[in-house]
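Could you build all of it, start to finish, from the sequences and the hints given here?
This is what each chain is made of:
There are 2 protein chains.
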Amino acid sequence: MNIQRAFSIKGVGKYLPKTTISSSKIEEELGLSKGYIFKNIGVKTRHVAMEESNTFMAEQALRSALKDANMSIKDIDCLIGASATFDYIIPNRSCLIKNAFKEAFDLDFPCIDIDTVCTSFISALDYATLLLHSGDYRNIAIVSSEISSIGLNPNDAETYSLFGDGAAAVIISTTNQKNGLIQYKSKTYAEGAKYTIIEAGGNMNPTKNVPYDPALYSFQMQGRKLLKKVKSTLPIFLSQFFKPLPVSLQDINLIIPHQASKLGLRMLATLNKGNSENIVDQLENHGNCIAASIPIALVTSIENKTLTEGDTCFLLGTAAGITISGLLFKYSRL
Amino acid sequence: MNIQRAFSIKGVGKYLPKTTISSSKIEEELGLSKGYIFKNIGVKTRHVAMEESNTFMAEQALRSALKDANMSIKDIDCLIGASATFDYIIPNRSCLIKNAFKEAFDLDFPCIDIDTVCTSFISALDYATLLLHSGDYRNIAIVSSEISSIGLNPNDAETYSLFGDGAAAVIISTTNQKNGLIQYKSKTYAEGAKYTIIEAGGNMNPTKNVPYDPALYSFQMQGRKLLKKVKSTLPIFLSQFFKPLPVSLQDINLIIPHQASKLGLRMLATLNKGNSENIVDQLENHGNCIAASIPIALVTSIENKTLTEGDTCFLLGTAAGITISGLLFKYSRL
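Protein sequences, first through last, are from chains A and B.
Each residue of the first sequence is one higher than the last, beginning at 736 in our numbering.
Each residue of the second sequence is one higher than the last, beginning at 736 in our numbering.
It should be emphasised that the hints constitute simulated quantities derived from the structure, not laboratory data.
Any given hint could turn out to be false.
Copies of the same chain are indistinguishable here, so a pair counts whether it falls within one copy or spans any two.
[Unchecked claim] Below are the PhoX-like pairs computed for lysine-lysine, each with C-alpha atoms no more than 25 Å apart in a straight line: (1) 920 <-> 779; (2) 964 <-> 837; (3) 929 <-> 943; (4) 929 <-> 809.
Small disclaimer: the values here were computed from a predicted structure and weren't measured.
Put into structure tokens, the structure is as follows:
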């Protein structure tokens, strides 16, 4: 297949919070029957940031990726923050991550944030390939770090039991090999923009006027409406995505979907002709980690050799917005 | 000069909140002497969003840009939100802007947010030229919409009297003319990442644990430290920016700086060999509108014909982070 914009993955890293919370503990807390959450939501356990910040997790993930790449922060030409949650409203995430590297205080490489909620990593990876292709950069770090746990409402069992926290970093580099981006597409179906929302904390319902209320300050999801919209649009998205390509979804070596929900993953397996073998599913041990889900799964797949040199890999995500994004690439370290 | 990535500006629009608040009114409120704010901060009046949301202002600015371009929302291939403030934490800004166009419900063009705080518009414009250049898009809308007024602390006279609200939209398009991006550079000096900060409202000090306090939930600026850092880095940034070009800062037809502060604008005039004639200064009537400052100034300059066909225009901004970004382009509607 034609490589649209070549890149190699030089290093990957992840950080998962020390504390894990089992679904059985949440079942006790919410008064749900034993096994209810795994059966209905698909999650057995998730990491929860009790002592970590978004920036700390991002820093650890990036340090791990640098080590994997045999690089230092001095080798990085641009840092992209690709997350939906943040430590501070201002400044932006990526500048805070760079700030955590005290040894980078005399380095002037730029930091930028990309936000398409759960598909931020995919958007950032496409953007990074454009930057590499523009000739100004050689090594770009993309970091997704998410703490969902602070914005969950214990009175909403569906979201409270679904989400988890974590971070991952990927360093992509220029290459003269024929590896890298085959195709990227993103589409937004804005009719469903408010199907998933945090009502308060922004300018619409500022903390100045709206005191803390778990319902208003937590992530709300109209799950049924969202699933209905994705059900009607995802097959069209996939059909349009693969139409210009000489391969179909079934031919891809590894499919890494956003770990949106059990039903979402099942929907994808159905569209993959009932085959879930080449679809990465880590919902059971991580839950939905917002934008960090896809890169955590990517890092894990590289670490455990599910994704190996020369494989085709398809990142596919649905996000609040509603945005659907897909990025097909040929994986290589070279 | 060589055009690195061609583009034309097909349409521009802005929206300014209906309510204006004069500095004399703020002087009364804060017990400051008459004329203090204009003398020290440089602002006489600013627009304040009393009845408008970020999304509403963005929508109005984009509708105005579409009208100017003689386009409808159907002609847009991608929408980039380029702001630091937001109506909701989730979903992202650009999806909410698209959602305000009910006539766009059956359109699937993608929405993406770029955040480099005050320089978000510059970052988004560079990104948009990369997208145009990649061949997938013809017309891209960039929208910056900022409400700073909600996050200001009346006990902090410096910031309370400096900021204003507003929105602007620019539609850029492919062209076969030799106009467009000449050069873009961005650098982040992360040592100063926390010189400008909103302490609470993110995961570090979440509303769940930290009740409303104007100091914690408002924008804080260590003005002196910030200015010192910019004073030492901006001359180097400009020198590096213009080194590869056959022109210097003084040769540019129009310089549109971020309206950061009176001292910041004065510093730029000094670096421009004392000439402030070709530097757009709208601090007096708008204040610092975060990421919307630069595009509002760009739109106004096009509307009042300060920027005309074929002119060179240099966008230059400093942002929380600390990020400095510059983008030089040859302006054309063709």
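Outcome of the hint check:
1. With identical chains, the CA atoms of residue 920 and residue 779 are never at most 25 Å apart, being 32 Å at best within one copy and 47 Å at best between copies.
2. In the homo-oligomer, the alpha carbons of residue 964 and residue 837 lie at most 25 Å apart only across protomers (16 Å), although the nearest pairing inside one protomer, at 45 Å, exceeds that limit.
3. When the C-alpha separation of residue 929 and residue 943 is checked against a cutoff of 25 Å, the pair qualifies both within a copy, at 22 Å, and between copies, at 22 Å.
4. Within a single copy, residue 929 and residue 809 get their C-alpha atoms only as close as 41 Å, which misses the 25 Å cut-off; across copies the closest is 21 Å, which meets it.
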